[in-house]
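> Listed here are the chains, written in short residue letters.
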Amino acid sequence: MGVELISRGKVLCARLSGDIDHHGAKELRRDIDIAIEENCPSELILDFSAVTFMDSSGIGLVMGRYKLMNERGGTVTVAKTPAYIGKVMRVSGVGKLAKIVNEYTLPKEDEQEVMKIETTNQ
Amino acid sequence: MGVELISRGKVLCARLSGDIDHHGAKELRRDIDIAIEENCPSELILDFSAVTFMDSSGIGLVMGRYKLMNERGGTVTVAKTPAYIGKVMRVSGVGKLAKIVNEYTLPKEDEQEVMKIETTNQ
Amino acid sequence: MKRPINDMKVVFPSLSENERFARIAVSGIVSLADPKIDELADIKTAVSEAVTNSIVHGYPETVGKIELTVRLYEDSTVYIKVSDKGCGIEDVQQAMLPLFTTRPDEDRAGLGFAVMESFMDKIKVTSKVGRGTTVVMHKRITPKERK
Amino acid sequence: MKRPINDMKVVFPSLSENERFARIAVSGIVSLADPKIDELADIKTAVSEAVTNSIVHGYPETVGKIELTVRLYEDSTVYIKVSDKGCGIEDVQQAMLPLFTTRPDEDRAGLGFAVMESFMDKIKVTSKVGRGTTVVMHKRITPKERK
Ligand SMILES: Nc1ncnc2c1ncn2[C@@H]1O[C@H](COP(=O)(O)OP(=O)(O)O)[C@@H](O)[C@H]1O
Ligand SMILES: Nc1ncnc2c1ncn2[C@@H]1O[C@H](COP(=O)(O)OP(=O)(O)O)[C@@H](O)[C@H]1O
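Residue numbers (the numbering used here), protein chains in the order written: chain A, 1 to 122; chain B, 1 to 122; chain C, 1 to 147; chain D, 1 to 147.
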């Protein structure tokens with residue numbers, strides 16, 4: 001379980017990986033929120049392509065980030081959800097809060113900031 | 001768990017795969033013994049390279065095949081044991097019954113017989 | 001329903017790292033019946049929800065025992081029971097409403113029961129304040145063709 | 001020894017497919033302590049031996065219950081208990097001798113106890129004819145450095 005954070009211009013991309021459950025969500029949340037504070041993005045992309053399991057704790061994670069980004073006048077995009085995670089997303093109606101996309105491109109930029117945070121906590 | 005059987009001349013090679021425990025050993029044993037009956041090899045090579053777990057049921061499998069091959073005047077070779085399986089082999093002293101090798105080459109032959117038996121039983 | 005062809009009962013403490021363990025244990029039994037990947041994912045998710053609820057809500061301040069029972073029946077029905085002896089639920093019907101949560105601070109979405117309901121065929125929740133909560137779920141799986 | 005930091009008790013029937021399940025369950029708990037790969041393999045192997053013995057020898061004709069307990073202690077000691085209420089062992093010392101087996105017909109090597117002894121740090125076997133057998137094993141693991 002972990003998150004890799006990439007900030008490009010006004011976009012912050014969080015590439016999540018591993019199992020997302022209540023146990024791991026706390027750390028993911030903390031890491032993403034710190035990156036939001038530091039980079040003040042107008043769009044937060046949550047990339048689920050490397051997520052292997054997710055229960056409603058992952059929905060809580062999306063909803064919580066939506067609240068934070070909304071307060072700051074920004075948006076949340078949910079990207080690349082594997083089939084089984086898409087199912088959890090659909091049940092939760094998260095599509096009302098976040099844009100759901102299959103693909104995305106990050107803005108190219110000379111100045112790019114990559115923060116890699118790998119939580120090895122199982 | 002499964003076994004792929006390759007008969008070339010007087011050599012019968014059994015490529016084992018998956019977890020070898022008491023539950024699966026019975027089927028492996030049956031498949032190998034049928035191939036011994038049919039091909040009458042003078043050497044049986046047991047290839048452990050694709051085995052992911054083994055307990056003393058695997059030792060029983062080797063000892064039982066040794067007895068059978070010995071009765072028929074043949075030999076048993078244990079090949080390509082991964083580290084953790086080598087450890088089980090060492091504890092059991094199976095080296096007294098079977099030749100233990102890292103590599104082997106099968107005799108080339110025009111007439112070759114391949115029997116693929118994949119047991120999907122988990 | 002007839003006697004189970006296989007079953008398992010696990011007892012473990014309400015530590016959040018055991019959410020993962022509960023999923024592994026349930027996969028271990030259910031996968032013996034050769035379910036389809038998405039059916040196994042559904043069951044793992046439902047178990048994860050129920051176990052997380054016992055950890056987060058059942059024993060909010062303490063560490064208590066959680067009991068997980070899994071049974072496989074001949075007709076390919078999976079029976080799952082998750083129970084705790086925690087604080088219990090005052091109004092079960094209200095608790096089961098989508099988006100209802102008593103812990104919004106903790107980023108709980110209030111969708112645990114909604115996920116269990118939509119991923120399993122049947123769910124029954126019994127609870128008594130101060131005594132604990134039991135969730136029983138059933139799902140019929142389609143075993144892969146055996147040779 | 002102090003209180004465990006995590007523990008689990010599983011009860012399951014003596015079906016041979018549960019040998020695999022027992023290994024999955026024990027890995028699920030032990031892997032939370034981040035052991036080295038070969039230490040986890042040792043523990044899985046020892047559990048597989050003990051559980052197989054209960055299935056093959058403890059309940060040769062019937063299906064009975066097997067109980068598996070795993071505890072993790074703060075000093076990284078793993079405690080494992082496997083017990084059955086099967087036929088029991090008449091002479092435990094003899095049973096533990098390498099190559100001794102009462103089921104040579106079944107391709108049993110008589111090395112189950114030898115493997116448990118050499119893969120774990122400590123093993124204690126208690127048994128009573130007609131009442132059942134309990135195997136208790138300990139192993140100190142080296143948890144990987146945590147960040
Ligand atoms: N095992 C339990 N013990 C006590 N209360 C529970 C339990 N499970 C659920 N609840 C109550 O039901 C509410 C709704 O649960 P759920 O739908 O899973 O959403 P969430 O877990 O996100 O709060 C919880 O907020 C809690 O108040
Ligand atoms: N749980 C048990 N119940 C009854 N008898 C047992 C049990 N475990 C071991 N035994 C006896 O001890 C003998 C030696 O066991 P072991 O060293 O594991 O070798 P194996 O399983 O290959 O026979 C067995 O053959 C059996 O007679």
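Because the hints were derived from the structure by calculation, they are not lab data. For each residue, glycine too, the CB sits at the ideal point set by N, CA and C. Heads up, some of the hints might be wrong.
Sample of chain B residues facing chain D (criterion: CB under 7 Å; computed from the structure) [unchecked claim]:
| id | residue |
| --- | --- |
| 1 | H22 |
| 2 | E27 |
| 3 | A50 |
| 4 | T52 |
| 5 | D55 |
| 6 | Y66 |
| 7 | G74 |
| 8 | M89 |
| 9 | V91 |
| 10 | S92 |
> Which hint numbers doesn't this structure obey?
Of the numbered hints, 2, 3, 4, 6, 7, 8 do not hold.
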